[in-house]
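Spelled out, the chains give:
Protein chains: 2
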Amino acid sequence: MARASEFETIERYFAPLSAAAPGAYGLSNDAAVWCPNDGCEAVITTDCMVAGVHFLPDDPPDLIAEKLLAVNLSDIAAMGARPTGYTLAVAWPRDIDETWIAGFSQGLERAQTKAHVSLLGGDTVGTPGPLTLSLTALGEVPTGEALSRSGANPGDSVYVTGTIGDAALGLQVLIGTLEPQSAADRDALVRRYRQPEARIGVGVGLSGIASAAIDISDGLAADLGHVAKQSIASIEVEAAAIPLSVAACACVDKEPALWGAVFGGGDDYELAFTASPAHAAEIETLARSADTPITRIGVIKNVEDDEPGVWFVNPDGSVITIEQSGFRHF
Amino acid sequence: MARASEFETIERYFAPLSAAAPGAYGLSNDAAVWCPNDGCEAVITTDCMVAGVHFLPDDPPDLIAEKLLAVNLSDIAAMGARPTGYTLAVAWPRDIDETWIAGFSQGLERAQTKAHVSLLGGDTVGTPGPLTLSLTALGEVPTGEALSRSGANPGDSVYVTGTIGDAALGLQVLIGTLEPQSAADRDALVRRYRQPEARIGVGVGLSGIASAAIDISDGLAADLGHVAKQSIASIEVEAAAIPLSVAACACVDKEPALWGAVFGGGDDYELAFTASPAHAAEIETLARSADTPITRIGVIKNVEDDEPGVWFVNPDGSVITIEQSGFRHF
Numbered sequence: 001m002a003r004a005s006e007f008e009t010i011e012r013y014f015a016p017l018s019a020a021a022p023g024a025y026g027l028s029n030d031a032a033v034w035c036p037n038d039g040c041e042a043v044i045t046t047d048c049m050v051a052g053v054h055f056l057p058d059d060p061p062d063l064i065a066e067k068l069l070a071v072n073l074s075d076i077a078a079m080g081a082r083p084t085g086y087t088l089a090v091a092w093p094r095d096i097d098e099t100w101i102a103g104f105s106q107g108l109e110r111a112q113t114k115a116h117v118s119l120l121g122g123d124t125v126g127t128p129g130p131l132t133l134s135l136t137a138l139g140e141v142p143t144g145e146a147l148s149r150s151g152a153n154p155g156d157s158v159y160v161t162g163t164i165g166d167a168a169l170g171l172q173v174l175i176g177t178l179e180p181q182s183a184a185d186r187d188a189l190v191r192r193y194r195q196p197e198a199r200i201g202v203g204v205g206l207s208g209i210a211s212a213a214i215d216i217s218d219g220l221a222a223d224l225g226h227v228a229k230q231s232i233a234s235i236e237v238e239a240a241a242i243p244l245s246v247a248a249c250a251c252v253d254k255e256p257a258l259w260g261a262v263f264g265g266g267d268d269y270e271l272a273f274t275a276s277p278a279h280a281a282e283i284e285t286l287a288r289s290a291d292t293p294i295t296r297i298g299v300i301k302n303v304e305d306d307e308p309g310v311w312f313v314n315p316d317g318s319v320i321t322i323e324q325s326g327f328r329h330f
Numbered sequence: 001m002a003r004a005s006e007f008e009t010i011e012r013y014f015a016p017l018s019a020a021a022p023g024a025y026g027l028s029n030d031a032a033v034w035c036p037n038d039g040c041e042a043v044i045t046t047d048c049m050v051a052g053v054h055f056l057p058d059d060p061p062d063l064i065a066e067k068l069l070a071v072n073l074s075d076i077a078a079m080g081a082r083p084t085g086y087t088l089a090v091a092w093p094r095d096i097d098e099t100w101i102a103g104f105s106q107g108l109e110r111a112q113t114k115a116h117v118s119l120l121g122g123d124t125v126g127t128p129g130p131l132t133l134s135l136t137a138l139g140e141v142p143t144g145e146a147l148s149r150s151g152a153n154p155g156d157s158v159y160v161t162g163t164i165g166d167a168a169l170g171l172q173v174l175i176g177t178l179e180p181q182s183a184a185d186r187d188a189l190v191r192r193y194r195q196p197e198a199r200i201g202v203g204v205g206l207s208g209i210a211s212a213a214i215d216i217s218d219g220l221a222a223d224l225g226h227v228a229k230q231s232i233a234s235i236e237v238e239a240a241a242i243p244l245s246v247a248a249c250a251c252v253d254k255e256p257a258l259w260g261a262v263f264g265g266g267d268d269y270e271l272a273f274t275a276s277p278a279h280a281a282e283i284e285t286l287a288r289s290a291d292t293p294i295t296r297i298g299v300i301k302n303v304e305d306d307e308p309g310v311w312f313v314n315p316d317g318s319v320i321t322i323e324q325s326g327f328r329h330f
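Going line by line, the protein sequences match chains E and G. If you count the first sequence from 1, position 205 lands on 205 in our numbering, and the numbers rise without skipping. If you count the second sequence from 1, position 292 lands on 292 in our numbering, and the numbers rise without skipping.
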């Protein structure tokens with residue numbers, strides 16, 4: 001398909017994504033107008049993805065779009081906020097095919113419909129380099145109620161949503177270093193890498209309950225490490241309590257070294273959070289209402305002589321030695 | 001200088017730029033919290049720049065940073081809004097030197113101090129391609145008072161700030177297709193291309209006065225064309241009234257073909273706006289208080305049989321035929 005001009009491309013593929021937001025002026029203005037609801041303040045985050053670094057260049061364009069939106073909405077969710085809109089900057093190779101753009105905009109449409117957000121504005125430019133995408137997501141949270149990484153208190157429980165490690169294993173499948181035993185396991189892991197889901201419902205529900213929260217993008221160890229450092233706390237995680245999918249279980253049972261992907265792998269975009277034990281029942285209720293598993297995996301301890309940090313322990317309390325490196329992109 | 005890790009780079013060079021915004025959490029959180037003041041709504045815009053496309057790869061890093069911020073703040077100004085903060089996504093080549101990053105952050109600091117804005121968050125990633133920068137600027141405007149491109153009415157005067165065409169001529173100097181007669185002219189034109197200034201003071205003052213506004217990024221003809229199209233209006237510009245700098249005057253006097261750069265060249269980041277003649281005195285006062293020349297260059301006419309559009313006319317009313325192409329990047 002021949003390439004339309006920048007203006008035609010915006011009008012055809014992107015302006016429809018702004019239709020539900022009157023302040024976006026159909027993407028025809030210099031900027032968009034938007035306001036958090038009364039009693040709320042705005043939450044804003046920006047994440048960038050580069051072809052060949054954050055996704056595989058031949059990944060389907062609709063899935064790239066869905067992931068780009070999901071990783072940003074995940075940051076909004078980790079603040080306990082409700083996402084409302086986003087802007088988009090795309091630098092694409094000049095020879096990009098219009099079918100690619102069409103697929104990308106379809107992925108955005110699917111993802112934004114599900115998340116109840118609208119495109120508010122952005123910029124498209126050509127680049128001699130790889131496709132480079134930057135998305136800025138906006139959300140709103142009751143004033144003063146935003147979650148941060150710094151509020152964990154000794155005695156708080158540590159929770160995660162969903163299952164951990166699938167995305168890192170899925171990436172290993174895609175780059176050919178892991179071959180699961182069944183096609184179903186293979187598909188399940190790849191889907192988790194390519195199509196992460198922002199835990200929006202849980203995030204919104206955590207405002208007023210969680211003492212600290214983060215989304216797992218760099219890996220469980222690295223991201224809990226951020227919470228530990230900023231809360232000046234020690235986090236003890238019972239390795240056996242970490243929730244694994246059926247597919248991940250099958251992989252680590254066969255090859256225990258793959259536990260490294262569970263502790264250290266990134267890209268799951270689950271939420272990790274801390275909360276006082278007094279909130280345990282509310283958290284169970286939230287898991288049911290958001291239809292999302294929430295699992296208690298550990299506890300916040302006082303920092304004593306040590307640096308703030310994260311320890312994974314066996315059922316007998318012995319510490320598991322792992323490389324606590326964050327996710328390394330391929 | 002050796003390259004620090006991503007976390008060290010953020011802490012050393014970018015976190016200080018967020019110091020004045022408590023909601024940025026020192027860039028240590030998933031997202032930032034921010035709120036427009038009471039009675040205001042938020043304005044948001046995103047612009048992207050690629051090395052070799054929007055700036056020359058060996059341009060000084062501090063000037064690239066200043067320009068990146070300026071082009072976004074210019075969009076905020078064109079909405080009649082006051083800029084307040086921004087997020088930044090940087091995809092830089094893996095071998096980028098830390099001195100480059102230091103220079104870039106110094107440019108940001110200078111520009112944000114001048115504009116009274118703070119860095120709120122962002123993302124830095126590596127890329128195998130050219131340096132790619134995306135900035136999202138936030139501002140605030142009294143609720144319901146945001147300017148758009150669609151409000152121009154027949155009889156309104158058309159104004160521009162500053163002088164027109166300098167940046168396009170400056171780019172010609174930089175790529176070697178124009179050699180001004182004096183070194184002072186050369187420097188003045190190059191400075192306009194490399195160091196555009198967002199007309200923040202005028203923009204804020206235009207809220208409640210202008211009927212439509214836009215910043216001149218694609219070129220006077222193209223950008224007034226956007227206003228004409230969206231206001232469904234015809235715009236008549238007296239070519240002789242277009243304000244030129246001393247340096248630009250010298251160039252077009254010697255080589256009249258360079259008028260093409262005045263009509264069609266981009267990157268000036270001046271404001272063009274329309275206002276009822278009833279506001280003429282207020283606009284004079286605004287020009288003085290913002291210490292920025294504002295020049296009346298034309299008038300909005302009814303669309304009669306023609307399509308909405310822009311006509312440049314001679315003093316005798318005859319129409320000047322020009323290629324009304326927007327700015328083409330090198």
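Please note that the accuracy of each hint is not assured.
Claimed, not checked - What follows is a list of derived Cβ distance ranges for each label pair:
#: 1; chain 1: E; residue 1: Ala278; chain 2: G; residue 2: Ala19; range: 45 to 53 Å
#: 2; chain 1: G; residue 1: Phe7; chain 2: E; residue 2: Glu145; range: 47 to 55 Å
#: 3; chain 1: G; residue 1: Arg110; chain 2: E; residue 2: Lys229; range: 28 to 36 Å
#: 4; chain 1: E; residue 1: Thr143; chain 2: G; residue 2: Glu145; range: 20 to 28 Å
#: 5; chain 1: E; residue 1: Glu8; chain 2: G; residue 2: Thr177; range: 23 to 31 Å
#: 6; chain 1: E; residue 1: Val246; chain 2: G; residue 2: Ala20; range: 23 to 31 Å
Hints in this document: simulated from the structure, not taken from any laboratory. Every residue, glycine too, gets a C-beta built ideally from N, C-alpha and C.
Verification of the hints:
1. E:Ala278 - G:Ala19: 45 to 53 Å: With a Cβ separation near 35 Å, E:Ala278 and G:Ala19 fall outside 45 to 53 Å, so the hint is violated.
2. G:Phe7 - E:Glu145: 47 to 55 Å: violated, 27 Å
3. G:Arg110 - E:Lys229: 28 to 36 Å: Holds - the Cβ-Cβ distance for G:Arg110 and E:Lys229, about 31 Å, lies within 28 to 36 Å.
4. E:Thr143 - G:Glu145: 20 to 28 Å: The hint (20 to 28 Å, Cβ to Cβ) holds, given that E:Thr143 and G:Glu145 are roughly 23 Å apart.
5. E:Glu8 - G:Thr177: 23 to 31 Å: Taking Cβ atoms as reference, E:Glu8 and G:Thr177 lie about 30 Å apart, which means the hint holds.
6. E:Val246 - G:Ala20: 23 to 31 Å: violated, 50 Å
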